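Enquirer: Using the hints provided, position chain E relative to the given structure of chain L.
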Amino acid sequence: MALLSKKDTNLITDPLADNNPITIQVLGICSALAITAELKASLVMAVSVMFVLGAGNVVISLMRNIIPSKIRIIVQLIVVATLVIIVDQVLKAYQYELSKTLAVFVGLIITNCIIMGRFEAFALANGPWRSFLDGIGNSLGYGIILVIVGFFRELLGSGTLFGYPVLGDPITKTGLYATGYENNGFMIIPPAALIVVGIIIWVQRSRNPALVEEN
Amino acid sequence: MAIKTDSNVYTVVFAAVMVVVVGSILAFLASALRPNIKENERFEKQQNILYAMGVNENGDDAGSVNFIPTDVVEGEFSSYIKEQLVIQGDKITQNDEAYLIDLKKQLANMKKGEEYKLPVFIGEKDGKKFYIIPMYGKGLWDAIWGFIALDDTMTVQGVYFDHKGETPGLGANIKMRYFMDDFKGESILKGTQYAGIAVAKGNNDPLNKTKDDNEVDALAGATITGNGVSAMIKETVKLYKPYLETIRAK
Chain L
1 MALLSKKDTN LITDPLADNN PITIQVLGIC SALAITAELK ASLVMAVSVM FVLGAGNVVI
61 SLMRNIIPSK IRIIVQLIVV ATLVIIVDQV LKAYQYELSK TLAVFVGLII TNCIIMGRFE
121 AFALANGPWR SFLDGIGNSL GYGIILVIVG FFRELLGSGT LFGYPVLGDP ITKTGLYATG
181 YENNGFMIIP PAALIVVGII IWVQRSRNPA LVEEN
Chain E
1 MAIKTDSNVY TVVFAAVMVV VVGSILAFLA SALRPNIKEN ERFEKQQNIL YAMGVNENGD
61 DAGSVNFIPT DVVEGEFSSY IKEQLVIQGD KITQNDEAYL IDLKKQLANM KKGEEYKLPV
121 FIGEKDGKKF YIIPMYGKGL WDAIWGFIAL DDTMTVQGVY FDHKGETPGL GANIKMRYFM
181 DDFKGESILK GTQYAGIAVA KGNNDPLNKT KDDNEVDALA GATITGNGVS AMIKETVKLY
241 KPYLETIRAK
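First to last, the sequence lines map onto chains L and E.
Residues in the first sequence are numbered from 1 upward in steps of one, following the UniProt record's numbering.
Residues in the second sequence are numbered from 1 upward in steps of one, following the UniProt record's numbering.
Same shape as in the complex, but just chain L:
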């Protein structure tokens, strides 16, 4: 690719698998637990984080030479919070319906450790373009896990995907439910997300033993 050098491409592809923020760096677990009971919520969260992390990384990267190191964490926090509030206000004024869907996530985005983690680890030391790619890559890696977890939790817990029933109707016992299948109520409570993430981590590490940490 002419647009992206090999190094730049790695910035996007690494976090998708071998350096995934959730399964390898174990960051952003809090929001992965909270909002993955539904596929739609997972997707909305993934897109929001992509925007905030992409833009935030660029802003931090542009400011990296003038930020005093003593207060850099606070500066990072302000940048995230400002970006999130700006998006929230603009949506409230022009896309009210969408803003209501997002309202729950605003707090979760600001406190998402992946965002602070990437500011600190990458944007403070790299140029804006590479920081942007790093932000997009990491949020994609985060989003993929969110969508996988959301898919299984919604399917097994509620028998729906994006709110549409795919396994039949559990109350009138049609489709799969006619055979005696029941929704697993455990899947919609937060601990189920830990188990699904755990299984993903297990599968990933057994396929690539290089990822297993030495104890």
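Just so you know, the hints here were simulated from the structure itself, not pulled from any lab data.
Among these hints, one or two may not hold up.
Stated by the list, open to error - Below, computed lysine-lysine pairings styled on DSSO-like, alpha-carbon distance capped at 30 angstroms:
1. Lys175(E) / Lys40(L)
2. Lys184(E) / Lys201(E)
3. Lys92(L) / Lys201(E)
4. Lys105(E) / Lys92(L)
5. Lys91(E) / Lys173(L)
6. Lys125(E) / Lys201(E)
7. Lys45(E) / Lys111(E)
8. Lys190(E) / Lys100(L)
9. Lys175(E) / Lys173(L)
10. Lys40(L) / Lys38(E)
11. Lys100(L) / Lys234(E)
12. Lys211(E) / Lys173(L)
13. Lys100(L) / Lys175(E)
14. Lys40(L) / Lys164(E)
Since the structure is predicted, the reported quantities are computational estimates derived from the model, not experimental observations.
Expert: Showing chain E alone in chain L's frame:
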């Protein structure tokens, strides 16, 4: 870079400048967008009130919640809502902007022992009268609120619930149609007592066929939000009891 970013003076100046810059950006944005946001909130309230009395664009399938579109809601609101009343102590007055009363503030005033206003909206559809009452309460994480539409036998004709920050997929489902539709036909009376309607876990009635038990089926994994809804309805009914007594068909 010639600037010494480590010095204390630089740090303090940087912090001060940053606060001023960010503060002005946000303040400017907030005041520039306020009229739009206010109007959106006003339309939303009108949509919610109309939704509770059954004026909405829901299809026959038990699918999603569909409001009257925002561009026509103002006209529909004034044609369906015949009267807006404000109850203040023993006084009941008409006020065409009663729907803008912030119930949260009024309830806070009540707790402080100050005077408070309670709005009621009287709607009319197909010759039938609806008494729509706003509600406000606490869920698991934050505020929940809604509207309940009653007829003069104290039977629920429709409800609308909303929340600020309940968990998506769990407590947030109080605003799903399958949950709200369960309330239709339930009575807030138990005998002659104003009992409200409880969101009950042991209801054993997922299709909600029993309409005289003052109970609807709870949402799995959302115990505290459900309890919040029960408490909110109970409080509201208690608060409005004197007014409800006057309209109740004996």
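Enquirer: State the violated hints by number, sorted upward, taking the hints as numbered earlier in the document.
Expert: 3, 5, 6 and 8
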